[in-house]
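Asks: Please construct the entire structure, taking both the sequences and the accompanying hints into account.
Going down the list, the protein sequences come from chains P and V.
Add 517 to the 1-based position in the first sequence for this note's numbering, that's all there is to it.
Add 3 to the 1-based position in the second sequence for this note's numbering, that's all there is to it.
None of the hints are false.
Calculated from the model, a selection of chain P residues having no Cβ within reach of chain V, i.e. all distances over 12 Å:
no.	residue
1	E776
2	W833
3	P835
4	A1018
5	I1042
Going by beta-carbon spacing under 7 Å, a handful of chain V positions derived as facing chain P:
no.	residue
6	R9
7	L11
8	L49
9	T50
10	R82
11	D85
12	P191
Just so you know, these hints were derived from the structure itself, not from any lab.
Glycine residues also receive a C-beta, built at the ideal position from the N, C-alpha and C atoms.
Spelled out, the chains give:
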Amino acid sequence: MTSDSSSASLSSDDEEESAGQKPNVDVHTNSIDTSLDAIENQLSSIALNTSIDERSVSPTGYHEPVSEIENGSLRESVRERRRNSIGESSSSIGLGLSRNHLEVEVEVEREADGQLASPSSSGYAGERGSSSSPTSASGTDVIRELRDNGSSIGDDGVVSVDPSQTQWIRGKRHADEDDGSISWRKRKKHFFILSHSGKPIYSRYGDEHKLAGFSATLQAIISFVENGGDRVKLVRAGKHQVVFLVKGPIYLVCISCTEEPYESLRGQLELLYGQMVLILTRSVDKCFEKNPKFDMTPLLGGTDAVFSSLIHSFSWNPATFLHAYTCLPLAYTTRQTAGAILQDVADTGVLFSILMCKNKVVSLVGLQKTSLHPDDMLLLANFVMSSESFRQVFYLYMTSESFSPICLPRYNPMAFLYAYVHYLDVSFYNFFIKKIVIQIEAVLAKSNILNEVQRSLSEGGMRIEDLPVDPSSPNNSGSLFHLNHRKPATNGTVTGVGGPAGLWHFVYRSIYLDQYVSSEFASPISHPHQQKRLYRAYERLYASMHDKGVGPHKTQFRRDENYVLLCWVTQDFELYAAFDPLADKGVAIRICNRVCQWVKDVENEIFLLGATPFSW
Amino acid sequence: MASRRRMLLKVIILGDSGVGKTSLMNQYVNRKFSNQYKATIGADFLTKEIQFEDRLFTLQIWDTAGQERFQSLGVAFYRGADCCVLVHDVNVKKSFDSLNNWREEFLIQASPSDPENFPFVVLGNKIDVDGGNSRVVSEKKAKAWCASKGNIPYFETSAKEGFNVEAAFECIAKNALKNEPEEEMYIPDTIDVARARQQKSSGCEC
Ligand SMILES: Nc1nc2c(ncn2[C@@H]2O[C@H](COP(=O)(O)OP(=O)(O)OP(=O)(O)O)[C@@H](O)[C@H]2O)c(=O)[nH]1
Ligand SMILES: [Mg+2]
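Replies: Encoded structure:
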């Protein structure tokens, strides 16, 4: 348990300083254009690879290639580039893809002349990847072409947002875009799901059908490498990383220029796949086995919002990379009362019962001898909160109860459970797995829990300015809720002035509990943009700490122009803390020790203790 | 019938190098033709939206390379195709003789659930060349072969003049659609919670 670790303390001599170390800054300022073309070119070299390896190079076609090239056309020069690569293929390909290597990492340099190739993949000038130009009237009019202006193509739910707006918008964004749109190519982070036959299933931006050509290209790359018994994991193209994840007949791809580590992006694809499994189970695999043409988009109908809210959470919810859940801070007795109520529910034969407030757990009961993975909780909470149907019912009746089949991918990816979801308030809900009939609302109302939850919501959790100076001092109450200077926060965002010695923020993850606690944001990082940047920094830190061969005690200290970041990993916990960039290292280390002590002092209010169903 | 949802149809174009596969696709999608020959490398992809009986479809057209050295890409490309288009050049005997191989190779690699009834469409291209004087594969001969393979629809086309291209692709789309299987049964299991609680962590697949 966490208390064992109290003997551990952070001192400055066992750390590795990496101050000033920053992720490689790429001098290229490529847009996604070059990456997309790089991918397509990659396909060309993949094709060449086989031809060199396994086939004789003598073309058996009766029609010899014509070698003259029109001057002046951009398309032509691109085409020529590809054709040129035939001659020099053996070297350029050896570098590109090597068989019998698990990781295929491809660096694609930008063309020296700086020309950007158009997205179209065949060698004709002026055409588009997806095109539907007006038809000249042909005899029969049974099949009619449509103009590409989008208005007739049912781009329902198009919501255009200013990219600076960080608030998540429900539903599909920018559905009118395709891979030919400049705006689409400028997006920083794309997510795609496609089938092993190249049919698009989901795209974060743009219309899946208009991206069919692009999705075919992705499929061709993945399938080709798979056929050789290898796996394509990552392609780097300038500033962009293309990360692949193959899950049987389902292919997932992320194209990103956010400079997140490969491991983080791959983890995000895993979650995206988990979300799909939560909605459908892995039984869809069987449909693909029987029929490779199988189109699963209708099965996912109306779930765009679930995926886009999950993707949005990759930039604000640390649970997505910490693989831990967080609790709403509550007085110990309040949480116990909630647990007792849930226990009554659990005794009726459900698998487990959770009471949650937004993405924070109030209490959780059940699931003996099995385990509920924090990722499953994240996906379940995301599904419930982003699904239109659950909320809609709530707005109509002011209280809602619904049943939904859901699958918990880490528990059993093949089968559905039945979730009973009961919204008690807009942000407050509770689910049981399997049907039970109980007057939960009345019971909760009697117990005063709802009031306590409201209070906690308005007061916030751990504020860095409340960090006790001397944790061992007797006048330290050991509780978050007895500090008499706590004032309600506005809008749920508590803005403080920052903690002692330039402490700005911290995240503490308890390894045994599978839980984390995050301090409230103080003023130096009050803006959502700053918060997102901090999470990205933590994410990078997390990835580097979990890289390989990490000993039981490991620390990292980084200083850059934005922060001093301090990370401390032990067998029991992980602490990530951000300080003012000018913070003194020795002082920062002392503050971290105080934070850990503070967390321990109030652990029964910020964590769900005792009933840990996760480590049986 | 299942709703008004849009469907995506995957169409593969096969045939010897130089018969005009890329040209046909470009004529159909972009109304463009070029006399210049640039061998396709690997595969090219174009999409086209069409409307048919009030439903919207997206044709995802896979234009493959005819040159033999690319043939090992087969499985990856053919999987899940809704229709396969076989193209030959009516002025080149060998390109017609190859149709049999292309068809068989496709059926082996794609292994469709019902190979007998998998929709193919055959196109005899370049009928404009030399006013038809250099033609070596007659319409009759081509049609006889198509008939012997389960009445494959046959079209004589010219990508250069845009002749019959529209009609051919219309037929391709219709055939791809016809092949649409009855809705695949998607029946996931449900866990019996009461029993799952007794069996020790039986359901856990971590
Ligand atoms: N006269 C005439 N020429 C054509 C026609 N169709 C294609 N061509 C020409 O034939 C040559 C080859 O055409 P492509 O469309 O590139 O051939 P392909 O089948 O795609 O060849 P690969 O990509 O190597 O498999 C080009 O020079 C075209 O201009 C046609 O209908 N009439
Ligand atoms: Mg071609």
